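The lines below spell out each chain.
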Amino acid sequence: GAGVSQSPRYKVAKRGQDVALRCDPISGHVSLFWYQQALGQGPEFLTYFQNEAQLDKSGLPSDRFFAERPEGSVSTLKIQRTQQEDSAVYLCASSLEGGLYGDTQYFGPGTRLTVL
Amino acid sequence: GNSVTQMEGPVTLSEEAFLTINCTYTATGYPSLFWYVQYPGEGLQLLLKATKADDKGSNKGFEATYRKETTSFHLEKGSVQVSDSAVYFCALSIPGAGSYQLTFGKGTKLSVIP
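From first to last, the protein sequence lines are chains A and B.
The opening position of the first sequence corresponds to residue 2 in the numbering used here, with each subsequent residue numbered one higher.
The opening position of the second sequence corresponds to residue 262 in the numbering used here, with each subsequent residue numbered one higher.
Just so you know, the hints here were simulated from the structure itself, not pulled from any lab data.
Just so you know, these numbers come straight off a predicted model, no measurement behind them.
Treat each hint with caution, since some may be false.
With the C-beta cut set under 7 Å, the calculated list includes, among others, these residues of chain B facing chain A [unchecked claim]:
id, residue
1, 266
2, 300
3, 304
4, 305
5, 307
6, 322
7, 323
8, 347
Here a beta-carbon is modelled for each residue, glycine too, at the ideal position from N, C-alpha and C.
Throw the hints in and build the complete structure from the sequences for me.
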């Protein structure tokens with residue numbers, strides 16, 4: 002079956018612009034995660050959804066970052082008034098359940114955001 | 262808090278050489294441990310995992326054993342191939358601890374030369 006898909010794959014924004022990044026998880030997966038990966042670093046957690054409920058947003062770096070998953074499937078990560086430090090690859094992952102006993106997270110290809 | 266430390270790269274090996282990538286962790290609970298791999302131009306893929314002490318995860322000739330006493334999960338392969346060239350990430354999650362987020366190390370880039 003289809004894996005996790007993300008769009009766009011690449012996004013260039015001018016400083017101060019708003020951007021929206023989309024994630025389509027694997028069908029039927031309950032959990033959805035967003036991560037931010039800076040160049041040469043490991044991914045860092047941003048936020049977590051279980052179905053439509055955002056249960057953890059402790060990793061969002063500022064109130065300019067907002068995520069939603071209104072129908073428990075597709076998710077959108079929105080960044081308002083982008084700054085250069087927001088330049089990174091944004092990864093989406095989904096898992097079948099809630100991560101019990103090492104439930105596997107499946108990652109999408111990422112969206113590379115460059116803020117000029 | 263939770264953290265993962267893995268050996269810095271890049272690592273360059275000749276084909277058929279033995280590979281070890283060290284990974285140690287600190288965790289506030291009883292973590293599950295993972296190795297993810299990122300091939301050039303591709304997304305992160307799960308390579309192997311272990312969910313309790315002394316478990317050995319294995320896949321594609323790679324192995325890692327969950328060592329609670331040394332808080333380690335070192336990745337090994339007996340004979341690497343050019344196709345193993347990639348970035349390898351060690352990671353942990355705490356089952357039952359709320360968001361089940363993965364905490365990653367910084368990654369180790371492996372290059373295998375013919």
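query: Which of the numbered hints above does this structure break?
result: Violated: hints 1, 2, 6, 7, 8.
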